[in-house]
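Colleague: One letter stands for each residue in the lines below.
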Amino acid sequence: MIEGNLSLKKGNFELQSGPFAFPAQGVSVLFGRSGSGKSTLLRALAGLDKDTRGTLAFKGESWQNQTWQRPTTQRHIGFVFQDAALFPHLSVRGNLAYAARRAPLNRTKTAFESIAAVARRMGVVALLEQAVTTLSGGERQRVAIARALLSQPRLLCMDEPLSALDWAARAELLALIDALAKETGIPVLYITHSPLEVERLADRVILMADGRIERIESLREALARPDSALFDEEGPVSVLHGTLGAPDANGLTAFGNDSLRLRLSLPPTATPSATRLRVLARDVSLATVQPRGLSILNQLPVMLTAIHPRSAGRVTVACQLADGQTLLAEITGYSCQALALTPGMQAFALIKSVALME
Amino acid sequence: MSPLTPGEWQAIWLTAKLAGLTTFILLLISAPLAWWLAHSKSRMSNLAAALVSLPLVLPPTVIGFYLLLVLGPQGAVGGTLEALGLHHLAFSFWGILIGSLIYSLPFAVQPLREAFAGIDLRLLDAAATLRAGPMDRFFSVVLPLSRSGILTAVVITFAHTVGEFGVIAMLGGSIAGETKVVSIAIYDYTQALEYGAAHRLSAILLAFSFATLLLFYAINQRVMSPLKPR
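For the protein sequence lines, the chains are A and B, in the order given. Following the working numbering, the numbering of the first sequence begins with 37 at its first residue and continues without gaps. Following the working numbering, the numbering of the second sequence begins with 877 at its first residue and continues without gaps.
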């Protein structure tokens, strides 16, 4: 667990986290508007600010109490900064060696120990002898992540590592970070204000507002809220978890699990290891009887669990899929009344389009 | 020009010793001071910055005069030393060394302060998360990123101390081998109307100063070039 209660005053801004506790495993995303205190909290957790007050413990080991702070150097944290913070006087290899030289020798050997291995995994082998001032934004972050991994951290902190990158570099790095978190088993604390990054990466969401932690919940719980802070101008979103099967004779690929099966039409470039499907609520319609003669591929039996009014005569209907996952449908209030939808009812969800989160 | 006399060699050696020691000691003192001035948000840092800069605007005679009072036999420092059975510091090498330290302090602090202020503090945060302790961070991040500022501080402090006159004249007088540096020797020669000898030493100082600055600019360009964005 990572638990504590931290406060920190910076000029006019005041962080008052309130008591918090969450598991030190998987990806925990700090989410909130800019100015909500995400970065301040992450720096406080890393011990980068001497003025931090309160208590903090990591896996039962005290990192801070009312009178004492464990120095950052002894917390074994890998920190990836928004602008990478690479050392400009060292080459890429020099930056990686800086971390490797100071990493503990007695730690159990991992694949993430030699510079060569990490550089290969992060795709920066060709850059090793370059000056860091010549790197692109995406390359800088890859080097920064490689450097953090080489220090053999017990916790990986990432402060909006992708915010300065273009769309393509962002997608690539998101997939890489997700894969690394799973391969290394190192718990990740990740800051973002992009709902898409949360939906792609998060195991749990730490929602921040006005310098305090509003709530900590699983991604599933966070998305089940009709007024979730994760919903932007596209409206409510569901993320379905599952695994991809092999493409069938019709070129369709199954996605799901034992009790849930969707069929997707994927481009050949799709990542076979993808595990998340993003569905906009407005792309989901409801039918009270199984419709026939429809071109829509995915028609899933669901049980309605809740109906929440939204703006402009529209309602969000929460549906439970056969495997227990939640799927949101956005329909008009008129249709809701005409079909006499009520919680507890069995129905069919018609999914018009999905996006595989690669 | 006739060759240098042993007395003139002595003055040159004394000048080099004074400037070298001053530069070395000032670097050690100025590095932490400049770091604090560059990054402290305390109001005390304004007061300290003003104090450090004071020798830039004060006439050297004023510095020399007060040091003479303090370090002399009746002064707070000199008197204490006398009471302990030691010698006071006026008209001694150690006296003019203290004078030089104060006189050249801003020339060591200012370039270091500017270099330190230009360092992105997140680099130090990054180094801390990579397990570099404070001394490690200073030597592995701050120093290499401040090369140019350090070189400037060394050259300017050394050259400025070589060119020192007023403080030494007030505090040290002209004792051969003890306080008679080149600038004092030139003054003495001029007073005695020995213009040939004065010219010899003056030409040496002129050539030295020019060569030092030339070398400085050449090196500085080389030292800095890897850090310039391409």
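Calculated directly from the structure, the hints in this document are not laboratory data. Check each hint, because a few of them may be wrong.
Claimed, not checked - Chain A residues, not near chain B, derived (Cβ > 12 angstroms throughout):
#1 H112
#2 A153
#3 D195
#4 L280
#5 L288
#6 H344
#7 Q382
As the list claims (entries may be wrong) - Examples of chain B residues toward chain A, derived with CB under 7 angstroms:
#8 I995
#9 R998
#10 L1006
#11 I1080
#12 A1083
Stated by the list, open to error - Below are the DSSO-like pairs computed for lysine-lysine, each with C-alpha atoms no more than 27 angstroms apart in a straight line:
#13 A:K218 with A:K95
#14 B:K917 with A:K45
#15 B:K917 with A:K46
#16 A:K46 with A:K86
#17 B:K893 with A:K86
#18 A:K45 with A:K86
Note that the structure is a prediction, hence the values are computed from the model and not measured. Ideal Cβ placement from N, Cα and C applies to all residues, glycine included.
Colleague: Evaluate each hint against the coordinates.
Modeller: The hints, checked one at a time:
The non-interface label for A:H112 is inconsistent with chain B: the shortest C-beta to C-beta separation is roughly 8 angstroms, within 12 angstroms. Non-interface call for A:A153 relative to chain B: holds, since the shortest CB-CB distance, roughly 18 angstroms, exceeds 12 angstroms. With a least beta-carbon separation of about 10 angstroms from chain B, A:D195 fails to lie farther than 12 angstroms from that chain, contradicting its non-interface assignment. Every beta carbon of chain B lies more than 12 angstroms from that of A:L280, the smallest distance being close to 36 angstroms; the non-interface claim holds.
Look at A:L288: its CB is around 46 angstroms from the nearest CB on chain B, clear of 12 angstroms, so calling it non-interface holds up. With 12 angstroms as the threshold on Cβ separation, the claim that A:H344 sits away from chain B holds: the shortest Cβ distance comes to roughly 43 angstroms. Interface exclusion of A:Q382 from chain B stands, the closest Cβ pair being 53 angstroms apart, more than 12 angstroms. Given hint, B:I995 at the interface with chain A, is violated; its Cβ is 10 angstroms from that chain's nearest Cβ, farther than 7 angstroms.
Hint status for B:R998 relative to chain A: holds, with the closest Cβ pair at about 5 angstroms, below 7 angstroms. A cut of 7 angstroms between beta carbons decides the hint on B:L1006: the least distance to chain A is about 5 angstroms, and the hint holds. For B:I1080, the interface hint is violated, since its Cβ never comes within 7 angstroms of a Cβ in chain A; the closest pair sits about 38 angstroms apart. Interface hint at B:A1083: violated, since its Cβ lies 35 angstroms from the closest Cβ of chain A, which is beyond the 7 angstroms cut-off.
Taking the CA atoms of A:K218 and A:K95, the gap is about 19 angstroms. The hint holds against a cut of 27 angstroms. With a C-alpha separation of about 15 angstroms, the suggested pairing of B:K917 with A:K45 holds against the 27 angstroms cut-off. Between the alpha carbons of B:K917 and A:K46 the distance comes to roughly 12 angstroms, so the proposed pair stays at or under 27 angstroms and holds. The suggested pairing of A:K46 with A:K86 holds, with an alpha-carbon distance near 11 angstroms, which does not exceed 27 angstroms.
This hinted pair does not check out: B:K893 and A:K86 have alpha carbons roughly 43 angstroms apart, beyond 27 angstroms. As the CA atoms of A:K45 and A:K86 are separated by approximately 11 angstroms, the hinted pair is consistent with the 27 angstroms bound.
Hint check: violations occur at hints 1, 3, 8, 11, 12, 17; the rest are consistent with the structure.
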